[in-house]
Each structure stands twice: as structure tokens, then as C-alpha cells.
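**Q** The lines below spell out each chain.
There are 2 protein chains.
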Amino acid sequence: MLEKTTRVNFLFDFYQSLLTPKQRSYMELYFLEDYSLGEISETFDVSRQAVYDNIRRTEMMLEEYENKLLLYDKFSKRQKLLDEMEQSLEERDPLKRYVDQLRELE
Amino acid sequence: MLEKTTRVNFLFDFYQSLLTPKQRSYMELYFLEDYSLGEISETFDVSRQAVYDNIRRTEMMLEEYENKLLLYDKFSKRQKLLDEMEQSLEERDPLKRYVDQLRELE
Numbered sequence: 001m002l003e004k005t006t007r008v009n010f011l012f013d014f015y016q017s018l019l020t021p022k023q024r025s026y027m028e029l030y031f032l033e034d035y036s037l038g039e040i041s042e043t044f045d046v047s048r049q050a051v052y053d054n055i056r057r058t059e060m061m062l063e064e065y066e067n068k069l070l071l072y073d074k075f076s077k078r079q080k081l082l083d084e085m086e087q088s089l090e091e092r093d094p095l096k097r098y099v100d101q102l103r104e105l106e
Numbered sequence: 001m002l003e004k005t006t007r008v009n010f011l012f013d014f015y016q017s018l019l020t021p022k023q024r025s026y027m028e029l030y031f032l033e034d035y036s037l038g039e040i041s042e043t044f045d046v047s048r049q050a051v052y053d054n055i056r057r058t059e060m061m062l063e064e065y066e067n068k069l070l071l072y073d074k075f076s077k078r079q080k081l082l083d084e085m086e087q088s089l090e091e092r093d094p095l096k097r098y099v100d101q102l103r104e105l106e
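Residue numbers (the UniProt record's numbering), protein chains in the order written: chain A, 1 to 106; chain B, 1 to 106.
Worth flagging that the hints you see were computed from the coordinates, not collected in a lab.
Errors might be hidden in some of the hints.
Listed next, the in silico DSSO-like pairs over lysine-lysine satisfying Cα-Cα at most 30 Å (straight line) [what the hints assert, rightly or not]:
| id | chain 1 | residue 1 | chain 2 | residue 2 |
| --- | --- | --- | --- | --- |
| 1 | A | K96 | A | K80 |
| 2 | A | K96 | B | K77 |
| 3 | A | K68 | A | K4 |
| 4 | B | K74 | B | K22 |
| 5 | A | K77 | B | K80 |
| 6 | A | K96 | B | K96 |
| 7 | B | K4 | A | K74 |
| 8 | A | K74 | B | K96 |
| 9 | B | K96 | A | K22 |
| 10 | A | K80 | B | K77 |
| 11 | A | K77 | B | K74 |
| 12 | B | K74 | A | K80 |
| 13 | A | K80 | B | K96 |
| 14 | B | K22 | B | K4 |
| 15 | A | K96 | A | K4 |
| 16 | B | K80 | B | K22 |
| 17 | A | K68 | B | K96 |
| 18 | B | K77 | A | K77 |
| 19 | B | K68 | A | K77 |
A short list of chain A residues far from chain B (calculated; beta carbon distances all over 10 Å) [stated by the list, open to error]:
| id | residue |
| --- | --- |
| 20 | S36 |
| 21 | L37 |
| 22 | S41 |
| 23 | R57 |
| 24 | M60 |
| 25 | K80 |
| 26 | D83 |
| 27 | D100 |
Even for Gly, the Cβ is constructed at its ideal location relative to N, Cα and C.
From just these sequences and the hints, can you work out the full model?
**A** Here you go:
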């Protein structure tokens, strides 16, 4: 079975522009819209196996792109640093927290 | 003639992992090592026109990748923000500038 992980979702987010329209459609339906393989195969009138193989191959392509470009890896590292920086900013100036909280109530 | 611009250098930097080894070699020699088309054609024992066409096509591929992934565009925007942030930090705490200057003298 194909795993519906956060990682695949992120990789799809970063590299979907490099996929073919068919690959993109299958991936969107399976990972974002939570269609089953059977539902996708009915929608496109192809075999369930063909859908499975296509998605499997696309996942491998996404991992290959990630190996080469490291967009998800760098994104995660930047997010972590930004979180830490935000935390430090709040500690330095506690007022910021109140502004954020007031904003969230709007 | 092919223009040896900063833009091509940056695009090559971001997307070289997606090129073939041959494309990478020609681009490196032409843009980083500043070889002429004639020197590359002698090195690889192919026609000058073949080298020119290959580099021209590679440049177009790099622009296509940039259209799809916007890595250079986002990098430039992040650099600009980081520069501004660094400037603000220095204004907030002038001591930082002295530390930087002392570091540069080492």
C-alpha cells in the first residue's frame, strides 16, 4: 500500500510543477483529496494497477528531485530557525506576544 | 553570442543537479572557467556549433526550471530581506558593527 505521509505531501508541494498533468492529477486526488486507488481508476477509466504504478513512480521521482535539490530539507531547516528566532524575539520583547494574540482574536 | 551574465551563473548554481554530465561540463567550462566555445569544442572533439547549441539549449532549460520552481527569484527576495534585517540589527545595536569590523581584520 502507498503511505499517505506528510513527507509526500510536502515533496508534492515543492516539485509538482516538474510533473506531467496526469501525474499531478493522480497525486492530487490520492494525497490531497484522499481518493482511493479504485476511485481514481474509475474516474480515469484505467486499471487500478496502472494508477498504483503511476503514483509509485511519481513518488520515486519526487524523492529523486529532493535528493538533487533538497528543497524540503532546506525549507525544514529554515522553518526551525525562524521558529527559534520568533521565540527569541518574543523573549526579548514580551509585548509582541500581546500583539499576536490580539491579532488572532480579530 | 551567448551572454555570460550573473543570472545564468545563479541559475546554473541552483539547477545544475538537474542537468546531464555533458551539459554540466560545457556550462562549467564556458561560464565558470571562462573557456571560449572554440576551446570547449577542441577539448571534447566536437564542432563549435554543437557546443553552442548545447549551451543555448541548457540555458533555456535553466530558464524553464526557474519558471517552474522560482528558486533564484525566492533566493533574491530572501537575500534582500536578510540584508535589511542585518541593517536593522546593526542600527538597533551599533556594537555589532565593531565586532564585524574586528572580525574582518583577522
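**Q** Straight-line Cα separation of A:K96 and A:K80 no greater than 30 Å?
**A** Roughly 19 Å separates the two Cα atoms, so the pair holds.
**Q** For A:D83, which was marked as not at the interface, is the minimum beta-carbon distance to chain B over 10 Å?
**A** holds, 16 Å
**Q** For the pair we were handed, B:K74 and A:K80, check the Cα-Cα distance against 30 Å.
**A** Within the cut-off at roughly 18 Å; holds.
**Q** Could you grab the alpha-carbon distance between B:K4 and A:K74 and see if it respects the 30 Å cut-off?
**A** Satisfied, since the Cα-Cα distance of roughly 29 Å is no more than 30 Å.
**Q** Against the 30 Å threshold, does the CA-CA distance of A:K74 and B:K96 hold or violate the hint?
**A** holds, 27 Å
**Q** Is the hinted pair A:K96 and A:K4 satisfied, with a Cα-Cα distance of at most 30 Å?
**A** violated, 37 Å
**Q** Taking the closest pair, is the beta carbon of A:L37 still more than 10 Å from chain B?
**A** holds, 28 Å
**Q** Between B:K22 and B:K4, does the CA-CA distance stay at or below 30 Å?
**A** Holds, at roughly 19 Å.
**Q** Does the no-contact call for A:K80 survive, Cβ to all of chain B over 10 Å?
**A** Per Cβ check, A:K80 is outside 10 Å of chain B; nearest 16 Å; holds.
**Q** Within 30 Å, alpha carbon to alpha carbon, are A:K80 and B:K77?
**A** At roughly 19 Å apart (the allowed maximum being 30 Å), B:K77 and A:K80 satisfy the hint.
**Q** Confirm or reject the statement that A:M60 sits farther than 10 Å, beta carbon to beta carbon, from all of chain B.
**A** holds, 16 Å
**Q** Regarding the pair A:K96 and B:K77, is the alpha-carbon distance no greater than 30 Å?
**A** OK: A:K96 and B:K77 at ~25 Å, within 30 Å.
Taken one by one, the earlier hints fail for this structure at numbers 9, 15, 16, 17, listed in ascending order.
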